[in-house]
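Asker: Given the sequences, and given the hints that come with them, work out the whole structure.
Chains A and B, in that order, give the protein sequences. Everything in the first sequence is counted per our numbering, starting at 6 for the first residue and increasing by one. Everything in the second sequence is counted per our numbering, starting at 6 for the first residue and increasing by one.
Heads up, a few of these hints could be off.
Identical copies carry no separate label here, and so any pair may be met within one copy or between two of them.
[To be verified] The calculated BS3-like cross-link candidates involving lysine-lysine, where the alpha carbons are at most 25 Å apart (straight line), are:
no.	residue 1	residue 2
1	137	100
2	145	245
3	159	97
4	9	255
5	97	160
6	72	182
7	133	145
8	72	98
9	208	226
10	255	98
11	98	159
12	142	9
13	250	219
14	160	255
15	72	56
16	100	56
17	142	182
18	208	62
Please keep in mind that the hints were generated in silico from the structure rather than gathered at the bench.
Protein chains: 2
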Amino acid sequence: MKEKLYIIKIGGALIDDEDLLDEFLGQFAAIEEKKIMVHGGGKLATTLADKLGIEQKMIDGRRITDKDTLDLVAMVYAGGINKNIVAKLQQKKCKAIGFSGADANLIKAKKREDAEIDFGFVGDITEKGVNKKLIVKLLKLGLVPVFSAITHDKKGHLFNTNADTIASVMAQALSAKYDVELLYCFDKAGVLEDVNNPESVLKNISEEEFSILKNEGKLHKGILPKLENALGAIRNNVNKVFLIKETELKNHIENHHAGTEICL
Amino acid sequence: MKEKLYIIKIGGALIDDEDLLDEFLGQFAAIEEKKIMVHGGGKLATTLADKLGIEQKMIDGRRITDKDTLDLVAMVYAGGINKNIVAKLQQKKCKAIGFSGADANLIKAKKREDAEIDFGFVGDITEKGVNKKLIVKLLKLGLVPVFSAITHDKKGHLFNTNADTIASVMAQALSAKYDVELLYCFDKAGVLEDVNNPESVLKNISEEEFSILKNEGKLHKGILPKLENALGAIRNNVNKVFLIKETELKNHIENHHAGTEICL
Chain A
6 MKEKLYIIKI GGALIDDEDL LDEFLGQFAA IEEKKIMVHG GGKLATTLAD KLGIEQKMID
66 GRRITDKDTL DLVAMVYAGG INKNIVAKLQ QKKCKAIGFS GADANLIKAK KREDAEIDFG
126 FVGDITEKGV NKKLIVKLLK LGLVPVFSAI THDKKGHLFN TNADTIASVM AQALSAKYDV
186 ELLYCFDKAG VLEDVNNPES VLKNISEEEF SILKNEGKLH KGILPKLENA LGAIRNNVNK
246 VFLIKETELK NHIENHHAGT EICL
Chain B
6 MKEKLYIIKI GGALIDDEDL LDEFLGQFAA IEEKKIMVHG GGKLATTLAD KLGIEQKMID
66 GRRITDKDTL DLVAMVYAGG INKNIVAKLQ QKKCKAIGFS GADANLIKAK KREDAEIDFG
126 FVGDITEKGV NKKLIVKLLK LGLVPVFSAI THDKKGHLFN TNADTIASVM AQALSAKYDV
186 ELLYCFDKAG VLEDVNNPES VLKNISEEEF SILKNEGKLH KGILPKLENA LGAIRNNVNK
246 VFLIKETELK NHIENHHAGT EICL
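Answerer: Spelled out as C-alpha cells, the structure:
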C-alpha cells in the first residue's frame with residue numbers, strides 16, 4: 006500500500022488575512038502524514054505594482070506578465086510570502102522548506118506559446134517537469150516543501166505559473182509513488198450547485214455533472230479553472246481531490262469529508 | 006582526510022552588474038568540489054525603498070531594519086535576487102537550491118540585543134544556529150545551497166543578517182565535517198596594505214598585522230567587518246580563508262592563490 010501524501014493548495018484571499026492564515030497554518034502543521042503546500046499570490050503584488058507604477062497589462066481579459074511584473078511577482082511570491090509562511094510553519098514545529106520551481110530544478114516549465122496572445126513570462130509545466138525523485142528524497146528527510154507559483158525553464162528564465170495547475174501537476178506526478186489526496190482550499194464551502202445559493206454545496210461532482218453545470222452557466226466563473234485542474238488530477242491517477250473551505254482543513258483531515266469531492 | 010567544501014560569499018556590487026554576475030556564476034558553476042554560495046543584497050532594496058517611500062532609518066550611522074524594511078529585504082533578497090541567481094546557475098548545469106535561513110530551519114538567529122540601539126529586525130545567529138546535519142544531507146544529494154542573508158528565530162519572525170557573518174559562521178559550523186575554504190569575493194584585488202595604493206595587495210594578513218594596520222588607520226573602513234568575519238573563521242578551525250576579486254574565482258580555484266589569505 007502506498008504512503009499517504011497530502012498536496013494542499015491555498016489561495017490569495019487566505020494569504021491576505023493574517024489571522025485566518027495563522028489559524029490555517031496551525032491546522033496544516035498538525036497534519037501527521039506527509040504533506041506539500043502550494044500557495045498563490047494575494048493582493049500584495051498588485052498593491053506594490055500600483056505603488057511602483059508597474060502597469061497591469063491585459064489582452065482580451067487575460068493577464069500579461071511583462072518583465073517588470075515577473076520581477077515583482079518573483080520577489081513577492083518566492084520571497085515575501087513564501088518565507089513568511091515557512092517562518093510561521095517553523096514556529097509551529099512543521100519542518101517547512103520553501104521553494105520556487107527553479108530551486109533544484111523542482112518544476113521546469115516553458116514559456117507559454119499561443120498563436121494569438123503573447124502572455125509574456127508565463128510558464129506551462131513541461132511533460133515530466135516535476136522533479137519527482139528529489140521531492141521524494143526531501144519528503145523522506147521529513148521536510149515539508151512549500152511551493153510558490155514561480156517556475157523556470159533551465160535556460161535562466163523565471164516564469165509566473167498558475168498555482169492551481171502546479172498543485173494538480175505535482176499531484177499527478179507524485180501519484181506513482183504516493184496515495185495522493187489533493188486539496189484545493191478556498192473561501193467557499195465547496196462547489197455550489199447554484200452560485201446564488203450558498204447552501205447548495207455539492208457533496209461531490211463528476212466530470213459529467215461539471216459539464217452540465219458549466220453549460221447551464223450555473224458555476225461561478227472563478228471556479229472553472231480550479232475545477233478543470235481538479236478534474237485533470239482525478240483523470241490522471243490522483244486518488245482523491247476535494248475543494249474545501251480553508252477553515253475546514255482540520256475537520257476534513259479528521260473526518261475525511263468536508264466540501265466537494267471531485268470524481269470521474 | 007576530509008572532503009573539500011568551498012563556501013563563497015558574493016556582495017551587492019557583483020549582483021548589481023548583470024554581465025559580471027553572469028561571468029562569475031559561470032566560474033562558480035564550474036567548480037567541481039562541493040560548494041555553497043552566500044549572497045548579499047545590492048542596490049535593488051534601496052531603490053525600491055525610495056520608490057515605495059520606505060525611509061532608511063539610521064541611528065549613530067548604524068542601519069535600522071524596521072518592519073517595512075524587513076518585509077522589503079525578505080522579498081528582494083530571498084525572492085528576487087536568490088531565485089534569479091538559482092535560475093542562472095541551473096542554466097549553467099549547477100544544481101543550485103536557494104534558501105533563506107527559515108527554510109528547514111537552516112539558520113536560526115535571535116533579535117540583536119543592544120543596550121543602546123534597537124536595530125529592529127536584525128538577527129544574530131545563535132550558538133549552533135546552523136543546521137549542519139541537514140546541510141550535509143543536501144550536499145550529499147549533490148545540491149548546491151545558495152543562501153540569501155535572511156534568517157529566522159523559529160518564533161515566526163524573519164531577520165536581516167549580515168551576509169559576511171553568515172558565510173563565516175557557516176564555514177565554522179561545517180569545518181568539523183569538511184575541509185572548508187571560505188572565499189570572500191569582492192571588487193578589490195585583496196586587502197591593500199595602503200588603501201591609497203591599489204598595487205599594494207597583501208599576499209596574506211595575520212591577526213597581528215590586521216591589528217596594526219587597523220590601528221594605523223591604513224585599512225579601508227568598509228573592509229574591517231569583512232576582515233573581522235574572516236579572522237573569526239580562521240580562529241575557529243576553518244582551514245583556509247581568502248579575500249579575492251570576483252573575476253579571479255576561476256584563477257583562484259585552479260592556482261590556489263589569488264587575493265589575500267587570512268592567517269592566524
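Asker: Evaluate each hint against the coordinates.
Answerer: Verification of the hints:
1. 137 with 100: So residue 137 and residue 100 pass the 25 Å test inside a copy (19 Å) and across (15 Å) alike.
2. 145 with 245: This pair counts as within: shortest intra-copy Cα distance 22 Å, inter-copy 34 Å.
3. 159 with 97: The answer is between: 8 Å across copies meets 25 Å, while 34 Å in one copy does not.
4. 9 with 255: within (16 Å within a copy, 46 Å between copies)
5. 97 with 160: Between copies only: 8 Å across, 37 Å inside.
6. 72 with 182: neither (37 Å within a copy, 42 Å between copies)
7. 133 with 145: both (21 Å within a copy, 24 Å between copies)
8. 72 with 98: between (37 Å within a copy, 24 Å between copies)
9. 208 with 226: This pair counts as within: shortest intra-copy Cα distance 20 Å, inter-copy 68 Å.
10. 255 with 98: Within one copy only: 17 Å inside a chain, 41 Å across chains, cut-off 25 Å.
11. 98 with 159: between (33 Å within a copy, 8 Å between copies)
12. 142 with 9: both (15 Å within a copy, 24 Å between copies)
13. 250 with 219: Within one copy only: 21 Å inside, 62 Å across.
14. 160 with 255: between (41 Å within a copy, 22 Å between copies)
15. 72 with 56: Classified as both: same-chain Cα gap 17 Å, cross-chain 18 Å, threshold 25 Å.
16. 100 with 56: neither (35 Å within a copy, 36 Å between copies)
17. 142 with 182: Both: 12 Å inside a chain and 22 Å across chains, each within 25 Å.
18. 208 with 62: neither (38 Å within a copy, 55 Å between copies)
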